[in-house]
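Take the given structure of chain R and dock chain Z to it, following the hints.
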Amino acid sequence: MNIRIKFQKYGVMKFIGHLDMMRYFQKAIRRADIDIAYSEGYSPHQIMSFAAPLGVGVTSDGEYLDIEVKSSKSSKASMQSLNETMAEGITILEYRKLPDTAKTSMSLVAAADYLVYQKPGYCPLADTSTQLQAKVEAFYEGQSHIYITKQTKKREIEMDLKPLIYEMKAINLNQKQTLARIGVKNPQILAACQEETTEDTPALFLKLCTGSADNVKPELVLEAFCRFHGISYEPSGSYIHRLEVYARADDIPVKGEQERQVYADNLNHQRELCQQQGIEFPKFLALGELGIDI
Amino acid sequence: MNKLALSDEILMSVDKPARYIGNEINIVRKNPQDVAIRFAMCFPDVYEIGMSHLGIQILYDMFNQREDVYCERVYSPWVDLHKILKEQNIPLFTLETQSPVKDMDFLGITIQYEMCYTNILQILDLSKIPLLANERTEEDPIVIGGGPCTYNPEPLADFFDLFYIGEGETQYDALFDLYKSMRAQGGTRQEFLRAVCKLPGIYVPSLYEVSYQEDGTIASFTPQYADVPPTILKEVQMDLTNTVYPRKPLVPYIKVTQDRVVLEIQRGCIRGCRFCQAGMIYRPTRERDVNMLKDCAREMLESSGHEEISLSSLSSSDYSQLPELINYLIGFKEKGVNISLPSLRIDAFSLDVMSKVQDIRKSSLTFAPEAGTQRLRDVINKGLTEEIILNGAGLAFAGGWQKVKLYFMLGLPTETEDDMKEIPRLADKVARRYYEIPKEQRNGKCQITISTSFFVPKPFTPFQWASMQPKEEYLRRARIVNEEMKEQLNRKSLKYNWHEADVTVLEGVFARGDRRVGQVLRKAYEKGCIFDSWSEFFDNGKWMEAFQECGVSIDFYNLRTRELDEILPWDFIDCGVTKSFLKREWQHALEEKVTPNCKMQCNGCGATKFEGGVCLEHQN
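Line by line, the protein sequences are chains R and Z.
The first sequence stops at residue 294 when you use the working numbering, and every number in between is there.
The second sequence stops at residue 914 when you use the working numbering, and every number in between is there.
With the rest of the complex left out, here is chain R:
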């Protein structure tokens, strides 16, 4: 049985790197007594894969890992067992069953949402979210190409960020409704939100191309944005928070001819429903939406 787990990462846990998070979950799954499946061979390992590595220093409300289990308690009971053994700073948000032929989240990742804002003491991106929105429009809508040079291990490459930024806008972190709409669950961001204040804490919301083929880190966009507007950029000067990770809605997330056909038929049906109701069919689906609670 395939299970997709969604979790959030905050506080001091942001300093735990991707590989250590994998080790963390291997042990956590044992502690929670999840009946995970092991690979064959002399040194068996848990069948587990992560969707998209998160950089050190970045917090998240939308991390995913897939596991294979031999049997499972209900989603609720499993989440409870896991949450009882989580370190402070990791909370399990979802535990969902996937179709047996499901593709791994890793192979499906297409986009991710981020919230980016400056730490106190660093050059602000703008004084208000309205001003920031104007700067975003100049940077994003106003340019047909956003060229940057990216340093890879071997060489420098020039790339155009524009087609890889799916969405970019300014928001005010002091509006609870806005935070709810974009799905912020991070307790520290929520605690800092002061609705009654007139103060405006501007932040960038980004939906970026993510995955193994093309991958844009939010830092790259922020750096280009700062350079465009003559704002001094420092790598450690901003908070970066991932909100959600998505698959393409039209990417069929299962293997096997029959299963794919069933999924495709259902997809078309949904698309027609949307059309009839005059709603735009979503371009992306959160990875968790591909599973069901058990």
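Read the hints as simulated data drawn from the structure, not as lab findings.
Some hints could be false.
Claimed, not checked - Here are the computed lysine-lysine pairs in the DSS-like style, where the Cα-Cα straight-line distance is at most 25 Å:
no.: 1; chain 1: R; residue 1: Lys119; chain 2: Z; residue 2: Lys627
no.: 2; chain 1: R; residue 1: Lys73; chain 2: Z; residue 2: Lys627
no.: 3; chain 1: R; residue 1: Lys162; chain 2: R; residue 2: Lys217
no.: 4; chain 1: Z; residue 1: Lys310; chain 2: R; residue 2: Lys119
no.: 5; chain 1: R; residue 1: Lys97; chain 2: Z; residue 2: Lys297
no.: 6; chain 1: Z; residue 1: Lys629; chain 2: R; residue 2: Lys27
no.: 7; chain 1: R; residue 1: Lys153; chain 2: Z; residue 2: Lys310
no.: 8; chain 1: Z; residue 1: Lys542; chain 2: R; residue 2: Lys27
no.: 9; chain 1: R; residue 1: Lys217; chain 2: Z; residue 2: Lys310
no.: 10; chain 1: Z; residue 1: Lys817; chain 2: Z; residue 2: Lys377
no.: 11; chain 1: R; residue 1: Lys27; chain 2: Z; residue 2: Lys310
no.: 12; chain 1: R; residue 1: Lys27; chain 2: Z; residue 2: Lys627
no.: 13; chain 1: R; residue 1: Lys27; chain 2: Z; residue 2: Lys377
no.: 14; chain 1: R; residue 1: Lys70; chain 2: Z; residue 2: Lys629
no.: 15; chain 1: Z; residue 1: Lys297; chain 2: R; residue 2: Lys73
no.: 16; chain 1: Z; residue 1: Lys699; chain 2: Z; residue 2: Lys786
no.: 17; chain 1: R; residue 1: Lys185; chain 2: Z; residue 2: Lys297
no.: 18; chain 1: R; residue 1: Lys27; chain 2: Z; residue 2: Lys786
no.: 19; chain 1: R; residue 1: Lys76; chain 2: Z; residue 2: Lys629
no.: 20; chain 1: R; residue 1: Lys27; chain 2: Z; residue 2: Lys549
no.: 21; chain 1: R; residue 1: Lys70; chain 2: Z; residue 2: Lys627
Unchecked claim - Incomplete in silico selection of chain R near chain Z, CB under 7 Å:
no.: 22; residue: Val12
no.: 23; residue: Tyr38
no.: 24; residue: Gly57
C-beta atoms are modelled at their ideal positions from N, C-alpha and C, and glycine is treated no differently.
Just chain Z, lined up with the frame of chain R:
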């Protein structure tokens, strides 16, 4: 969630920030305001090493069971953070509450090897605690030393307020109670030290005076007051079953050296190898009950989620309930739990067990003959014979193993060129045993790895009087081994590693040094020596300068056969094993006479005075 002592900027700029954030699984959280005593427990090396140490886990668990004590942890900041803490004047902090170490009532430092001594000074320095005990005030924590190196605490005497000699389980409750009551009465630091020195196992170095003879040896070692005990008997936890053991081990995020459940099955060793300090100071050998170990193993695996469990002891094969314990542990295999079995004697039983729990193709077998000839093995009382090694290797090869590691020491007392040359010859014989297997039944080449270290005489061993060799001589001996290896038939299947000799020389000085070598330590730290056990940081040049500037002679400590009636710096400690036994064993060594192990026969070492363990099992 705690506020961290370090900013995001600092944590993002250093290697492995997880070393400094705490928050591990099974961490103990208390409100510091609710406790009477705050204790910082320190392992003076990098986090990954310190977190692997069982002793600290035992004491962390035990201390925190007391409601009035909060024990937190601190490790050596790695060199990158060391520099930042110095530059930005940030005080060293505990992991649990991220509080300055200086705010604690106690700083307890476990001292496991000589080459961590500069790191002890680093901890004090970064904590802003005066390096010298006599410069500390009421504002500073009481600095306690513990661990095997405190069996000769003298090189560190100036830096510690007190040492706890022996096993930690027994006296800390009394020590905490005393501290609490004295604090409540407004007692000073000095008053506490005067009182605590009367607790069993506690050594307060400032209450003793040492004088020296003209030739540099110790003339006298005397308590300054009549009520200060002249000798300190080591503490020992005789009942290892009905005692504390951490059921919820801390689980680090980054990979540490012991990334597994560690189950200490027994303490002490019956073998009596004459070079081995652990084999003497942990006497008598005491086992834990197998049912207790089963409970511990299950609970620790469940609470940690570790995928491996390792048995810990000086000689696991001597544990009487080993088959029962291993069979129980094999039951965890289906939960994906590996079993690691270090220090097992290689025989049919252990090979059978290992074939069940390990991947034969990947794992290697380890033998520690320690010396190349039977003659020298008799000198050191290492009971391993060539026959046992070759038979064990033969069985292992037949069982599918191809890799064998052989550990030896160079520079043992009475060592001759023949002893050295026999090392590669023995390795070659092991290889020959492999190639006796018909070609179609074996799996390519075998791999025999020889490793040699240089012998360092340790206090409370029969070799405590022995002379060491100069550095050049150690290297010459390693070259002899290397040259001889090239002469062997199966040289292509043999590999030889040897250690650097510079570190050996320093280990020698600090293992058997007196109070006068403490100043060298301080000088070396001031010159920037730190993480000396890490070859990338070890700077022998600075150390040699420090010795020179302090006018301390290395040769006095290393290149001298001590007289049997000389007052040794550690003579005031009573570890149970008597000096007359050690003298007898030193004599037997020179006569190449073997002493039977404790289960075969009591040899009257003195440890019977603890009235327990192996001493009561096989009385003659």
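Here's how the hints hold up against the structure:
1. R:Lys119 with Z:Lys627: 49 Å, violated
2. R:Lys73 with Z:Lys627: 23 Å, holds
3. R:Lys162 with R:Lys217: Judged against 25 Å, a Cα distance of about 13 Å means the pair holds.
4. Z:Lys310 with R:Lys119: 22 Å, holds
5. R:Lys97 with Z:Lys297: Violated: lysine 97 of chain R and lysine 297 of chain Z sit about 37 Å apart, past 25 Å.
6. Z:Lys629 with R:Lys27: Holds. Lysine 629 of chain Z to lysine 27 of chain R sits at ~12 Å (cutoff 25 Å).
7. R:Lys153 with Z:Lys310: Holds. Lysine 153 of chain R to lysine 310 of chain Z sits at ~21 Å (cutoff 25 Å).
8. Z:Lys542 with R:Lys27: 13 Å, holds
9. R:Lys217 with Z:Lys310: OK: lysine 217 of chain R and lysine 310 of chain Z at ~21 Å, within 25 Å.
10. Z:Lys817 with Z:Lys377: 19 Å, holds
11. R:Lys27 with Z:Lys310: Holds, because 20 Å separates the two Cα atoms, which is no more than 25 Å.
12. R:Lys27 with Z:Lys627: 15 Å, holds
13. R:Lys27 with Z:Lys377: With a Cα-Cα distance of about 34 Å, the restraint between lysine 27 of chain R and lysine 377 of chain Z is violated, given a limit of 25 Å.
14. R:Lys70 with Z:Lys629: 12 Å, holds
15. Z:Lys297 with R:Lys73: 36 Å, violated
16. Z:Lys699 with Z:Lys786: 15 Å, holds
17. R:Lys185 with Z:Lys297: Measuring from Cα to Cα gives roughly 20 Å; hence the hint holds.
18. R:Lys27 with Z:Lys786: 42 Å, violated
19. R:Lys76 with Z:Lys629: Since the Cα atoms of lysine 76 of chain R and lysine 629 of chain Z sit roughly 23 Å apart, the hinted pair holds (cutoff 25 Å).
20. R:Lys27 with Z:Lys549: 12 Å, holds
21. R:Lys70 with Z:Lys627: Given pair lysine 70 of chain R, lysine 627 of chain Z holds - Cα atoms ~16 Å apart, limit 25 Å.
22. Val12: At 4 Å from the nearest chain Z Cβ, valine 12 of chain R passes the 7 Å test, so the hint holds.
23. Tyr38: 5 Å, holds
24. Gly57: Result: holds, 5 Å to nearest chain Z Cβ.
The structure shown violates the earlier hints numbered 1, 5, 13, 15, 18.
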